[in-house]
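**Q** Listed below, chain by chain, are the residues.
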Amino acid sequence: MTTVVLNRRNLLAAGGSILATGISGLLLPARAQGLAPTDSMAGGANNYRKGAPIVERIGKGGFWMSGTVRRAGDGAPLAGQRIQIWAHTTEGQEHEPQSHGATLTNENGAFRLEMPQIIPIFGQPHGHLAYDSGEFKTVFLRPVMRSAKDNSLEAHFVLQPA
Amino acid sequence: MRLAKATLVWAALAAAICVPIAAAAASPLLAWRGPLYILAGFAGIIALGLALVQPLLIAGYLPGLSAYRGRRVHHWTGGALVLAVLVHVAGLWITSPPDMIDALLFASPTPFSPFGVVAMWAIFAVALLALLRRRLGLRTWRIVHMSLAAVIVAGSVAHAMLVEGPMETISKVALCALVLAAAIKVMADLVRRMRATSRGESLARQ
Chain F
655 MTTVVLNRRN LLAAGGSILA TGISGLLLPA RAQGLAPTDS MAGGANNYRK
705 GAPIVERIGK GGFWMSGTVR RAGDGAPLAG QRIQIWAHTT EGQEHEPQSH
755 GATLTNENGA FRLEMPQIIP IFGQPHGHLA YDSGEFKTVF LRPVMRSAKD
805 NSLEAHFVLQ PA
Chain B
148 MRLAKATLVW AALAAAICVP IAAAAASPLL AWRGPLYILA GFAGIIALGL
198 ALVQPLLIAG YLPGLSAYRG RRVHHWTGGA LVLAVLVHVA GLWITSPPDM
248 IDALLFASPT PFSPFGVVAM WAIFAVALLA LLRRRLGLRT WRIVHMSLAA
298 VIVAGSVAHA MLVEGPMETI SKVALCALVL AAAIKVMADL VRRMRATSRG
348 ESLARQ
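Chains as they are written, first to last, in the numbering used here: chain F, 655 to 816; chain B, 148 to 353.
Just to be clear, a hint being listed does not mean it is correct.
According to the in silico footprint, chain B covers these stretches of chain F (three or more CB under 8 Å from chain B) [claimed, not checked]:
{"hint": "1", "region": "691-701"}
{"hint": "2", "region": "710-723"}
{"hint": "3", "region": "784-797"}
To be clear about the criterion: a stretch of chain B counts as covered by chain F if any three or more of its residues have a C-beta under 8 Å from a C-beta of chain F, and this derived list gives those stretches [to be verified]:
{"hint": "4", "region": "242-248"}
{"hint": "5", "region": "252-258"}
{"hint": "6", "region": "303-311"}
Note that these hints are calculated values from the structure, not bench results.
A virtual CB, placed ideally from N, CA and C, is assigned to each residue, including glycine.
All chains should be modelled from the sequences, with the hints used to inform the complete structure.
**A** This is the structure we're talking about:
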């Protein structure tokens, strides 16, 4: 069962996205038809190490990073896409190689990688994700956890051709 | 009686600064941080504590320090504040260069960064202008210093409140509230005195 959480953050986010969609729809009528590509987030590429290996799990695990990868426009799920994940965790700092790993999306365009618990770093508990394989335009995401006690985090990619 | 009051004031000041430091020192987050990152974080807490001491010193609220001594110590504490901010920024820069560069360029995703960076530049500006204060004249210097001090206090408090780190919430809120209260009280008193002086001058001119 899905629980709908009505709190200030969700309402703000929902209101903001409605506003953003409405305004961009008015300004860019041509793009209003399809799913807009995800922009890279500020600071998303910080401490990125290109080419981290595809792993079953980063370190000892205990925390789940998950998300989806879709194509801009029609929103079709993209299978077999390589997503790299890194963060400051209980097992290492952000820049250290053991904090980095990659995984592939399944046939539904979904990915899920177990990693060590993320802890607050530089003032916010956050993770980093990258799509950087060339076929589509590179995107770096930097989602922030609602609470440092959370043991999962999600990030979603909508990619456009490079 | 006076001794009791003096002891109480100093004990309260020591507690306001040392309790947040002790609480942060007990944070479980420190286990996952390197020594330099820990040092940089505590330099930030110490800087916040010095921001409480500064107005109390210059206003002569600390018992046992004459106005002259208070002003002398205020200069040295100001120097220490600059040093603490330098250690804070340098330590964080070495810990994660891209995050610190983003912050300094106002390109950081974290909402607290611009407040800290603005407060940092205001602290450096006060320190530089303090060296030239004789050339500025007392009135100009007071206005400039007070404006920058308001930026420093507001920026530092916003910065500290928005950061999620090893500082314990209640002791952090208490320290921030005291920093704000001390700055507002001392500035209000000084503005009142400056108005009284200029009124006195215009009366004398008539």
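**Q** Taking the hints in turn, state whether each one holds.
**A** Results for each hint:
1. 691-701: Our answer is that it holds, as 7 residues pass the Cβ test (under 8 Å) against chain B, meeting three.
2. 710-723: Since 0 is below three, the answer is violated.
3. 784-797: violated (count 1)
4. 242-248: With 4 residues in contact (Cβ-Cβ under 8 Å with chain F), the coverage given for the region 242-248 of chain B holds.
5. 252-258: holds (count 4)
6. 303-311: Since 3 is at least three, the answer is holds.
Hints 2 and 3 from the list above are not met by this structure, while the remaining hints are.
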